[in-house]
Structure formats: C-alpha cells, structure tokens
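Following my numbering, the numbering of the sequence shown begins with 501 at its first residue and continues without gaps.
No lab work stands behind these hints, which were simulated from the structure alone.
You may find that some hints are simply not true.
[As the list claims (entries may be wrong)] Capping the alpha-carbon separation at 35 Å, the derived lysine-lysine pairs in DSBU-like fashion look like this: (1) Lys550 - Lys563; (2) Lys544 - Lys563; (3) Lys569 - Lys550.
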Amino acid sequence: MQNNYPLFVYSQSAIHLGMNPTFHSRSKHIDVRYHWIRDALDGKLLELEKVHTNDNGDDMMTKALLREKFELCCEIAGLAVIST
Numbered sequence: 501m502q503n504n505y506p507l508f509v510y511s512q513s514a515i516h517l518g519m520n521p522t523f524h525s526r527s528k529h530i531d532v533r534y535h536w537i538r539d540a541l542d543g544k545l546l547e548l549e550k551v552h553t554n555d556n557g558d559d560m561m562t563k564a565l566l567r568e569k570f571e572l573c574c575e576i577a578g579l580a581v582i583s584t
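Modelling step: build the complete structure from the supplied sequences, incorporating the hints.
So this is what it looks like as structure tokens:
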C-alpha cells in the first residue's frame, strides 16, 4: 500500500494550480524542474493540505510580525523564546 504524504500549503492559488491542470496557460513561466510536483500529485504520492494562517510557522521568515505572532511561530517551529 502506498502512502500519500501531506504537502502543507498556505496559498489557495498554489492549491488550485496543483489540483487543476487547466491553469497551464497561466503557469508557463514555472520552471520545468518544478513539474515533478505535479507528477507526484497525479501519482497520488502527495496530497495538498491548506495551512491556516494562525498555524503557519513560516510567517516569521517571510514577513514582519507582531511580537505575539512571532512568539507563536517560534513555538510552532520548536524554538525557544527568551522574553526580557
């Protein structure tokens, strides 16, 4: 039995692009080396799952955050926060 591995995505557009190949005309700019993900989705190796913004620990690496959100992201990532 083959397992599908979850691929957590926070972008609704990325989920639709991965699930619906009719976006081909809009995604021609995507480099061919990334097409293996589409093949993995077609082969049911990966399953796209939406990550709610409150559960997304990557926000601390990609945007400016309030202290509370930063501390939550650190907790999600398993990092220690030293409060002063």
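For each hint, the structure was consulted:
1. Lys550 - Lys563: holds, 19 Å
2. Lys544 - Lys563: With a Cα-Cα distance of about 32 Å, the restraint between Lys544 and Lys563 holds, given a limit of 35 Å.
3. Lys569 - Lys550: holds, 19 Å
When the structure is compared with the earlier hints, no violation turns up for any of them.
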